[in-house]
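There are 2 protein chains.
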Amino acid sequence: MANPAIPFELDRRLAGDTLPVAPMDSGPLLLMNDRRWPWLILVPAMISNGVGAVELHDLAPETARRVHEETDQVSAALKQVTGCTKINSGALGNVVRQLHVHVIARSEGDANWPGPVWGFGERVAWEMDEARGFIDKIRTALGR
Amino acid sequence: MANPAIPFELDRRLAGDTLPVAPMDSGPLLLMNDRRWPWLILVPAMISNGVGAVELHDLAPETARRVHEETDQVSAALKQVTGCTKINSGALGNVVRQLHVHVIARSEGDANWPGPVWGFGERVAWEMDEARGFIDKIRTALGR
Numbered sequence: 000m001a002n003p004a005i006p007f008e009l010d011r012r013l014a015g016d017t018l019p020v021a022p023m024d025s026g027p028l029l030l031m032n033d034r035r036w037p038w039l040i041l042v043p044a045m046i047s048n049g050v051g052a053v054e055l056h057d058l059a060p061e062t063a064r065r066v067h068e069e070t071d072q073v074s075a076a077l078k079q080v081t082g083c084t085k086i087n088s089g090a091l092g093n094v095v096r097q098l099h100v101h102v103i104a105r106s107e108g109d110a111n112w113p114g115p116v117w118g119f120g121e122r123v124a125w126e127m128d129e130a131r132g133f134i135d136k137i138r139t140a141l142g143r
Numbered sequence: 000m001a002n003p004a005i006p007f008e009l010d011r012r013l014a015g016d017t018l019p020v021a022p023m024d025s026g027p028l029l030l031m032n033d034r035r036w037p038w039l040i041l042v043p044a045m046i047s048n049g050v051g052a053v054e055l056h057d058l059a060p061e062t063a064r065r066v067h068e069e070t071d072q073v074s075a076a077l078k079q080v081t082g083c084t085k086i087n088s089g090a091l092g093n094v095v096r097q098l099h100v101h102v103i104a105r106s107e108g109d110a111n112w113p114g115p116v117w118g119f120g121e122r123v124a125w126e127m128d129e130a131r132g133f134i135d136k137i138r139t140a141l142g143r
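Chains as they are written, first to last, in numbering that gives the first Met the number 0: chain A, 0 to 143; chain B, 0 to 143.
Hints in this document: simulated from the structure, not taken from any laboratory. Fair warning: this is a prediction, and the values are worked out from it, not measured in the lab. Treat the hints with caution; some may be incorrect.
Identical copies carry no separate label here, and so any pair may be met within one copy or between two of them.
Below, in silico cross-link-like pairs of lysine to aspartate or glutamate (EDC-like), each with a Cα-Cα straight-line distance of 20 Å or less [to be verified]:
| # | residue 1 | residue 2 |
| --- | --- | --- |
| 1 | Lys-85 | Glu-54 |
| 2 | Lys-85 | Asp-10 |
| 3 | Lys-78 | Glu-54 |
| 4 | Lys-85 | Glu-121 |
| 5 | Lys-78 | Asp-57 |
| 6 | Lys-85 | Asp-57 |
Assemble the whole structure, with the sequences as input and the hints as a guide.
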């Protein structure tokens, strides 16, 4: 858990590109504000030795286990809600170093299929009503 | 572990694109035969109900835990050997459905930095001597 002396603060680029979905035990779950793909981001809210987490392999074993388990829970929920062809999950962080794990629903024929979503084309914002409905479905699937 | 009645068989596209590094407890660890990036691939050799694994979130909890732990071990070893800027890890599988987890060493200024490696440009094969030396370093870092 976060050290209360150094409160966790969501990276402002992540905050600006996303909508909040639900608090998970690891940290906030976010929806990328890009309706081309159903795209969730889990941000482990860990601070260790005064520094936020950057690499999954640097997390303490118990913390890593929780992040991996919650990533798998989010993947299962996203697949259930979307009926997608394939989940793409990954931790890149070449631009935003604050540790965050992408979980994306990919379907045949979607934008840039079967290539990756990262760095492809221009973001297309969700309509707010549509995003709210999608977020409700994800929360229900997660039981949160 | 794999059901002995249905032996695990590495996807022929994965086999054709890679060099073997070491057997891990989860399954084979491979080196992508592309020297643009130090790029390892862990292939969990699970068969469940006669079918090979496709999604991380469909693995049995104990199996998933081992795969995640070994992915983190491979990431730490790759970072130690390369001194890279950032590890990129992910499970995509849009083309090859057999479950496989990518672990890639990224450094500022490398090919397509800070974009993703998947789908970018043309593969550049390793020189065999160079690959052998790199594989030895990874094995040593993993203690295998």
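(message) Regarding Lys-78 and Glu-54, is the shortest C-alpha distance of 20 Å or less found within a copy, between copies, in both, or in neither?
(response) Cα proximity of Lys-78 and Glu-54: across copies only (10 Å, versus 25 Å in one copy).
(message) Within, between, both or neither: how does the pair Lys-85, Glu-54 come out at a Cα-Cα threshold of 20 Å?
(response) Between. Shortest inter-copy distance 8 Å satisfies the 20 Å Cα cut-off; intra-copy 24 Å does not.
(message) Checking an output row: Lys-85 and Asp-10, CA cutoff 20 Å. Within, between, both or neither?
(response) For Lys-85 and Asp-10, the Cα distance is within 20 Å only across copies (17 Å; inside one copy 28 Å).
(message) Please sort Lys-85 with Asp-57 into within, between, both or neither, judging by C-alpha distance up to 20 Å.
(response) between (28 Å within a copy, 12 Å between copies)
(request) Since the copies are identical, ignore which copy is meant and state whether Lys-85 and Glu-121 lie within 20 Å (CA to CA) inside a copy, between copies, both or neither. (result) Neither, since 22 Å and 24 Å both go past 20 Å.
(request) Tell me, please, which holds for Lys-78 and Asp-57 at an alpha-carbon limit of 20 Å: within, between, both or neither? (result) So Lys-78 and Asp-57 pass the 20 Å test across copies only (11 Å; inside, 28 Å).
The structure is inconsistent with hint 4 alone, although it conforms to all the rest.
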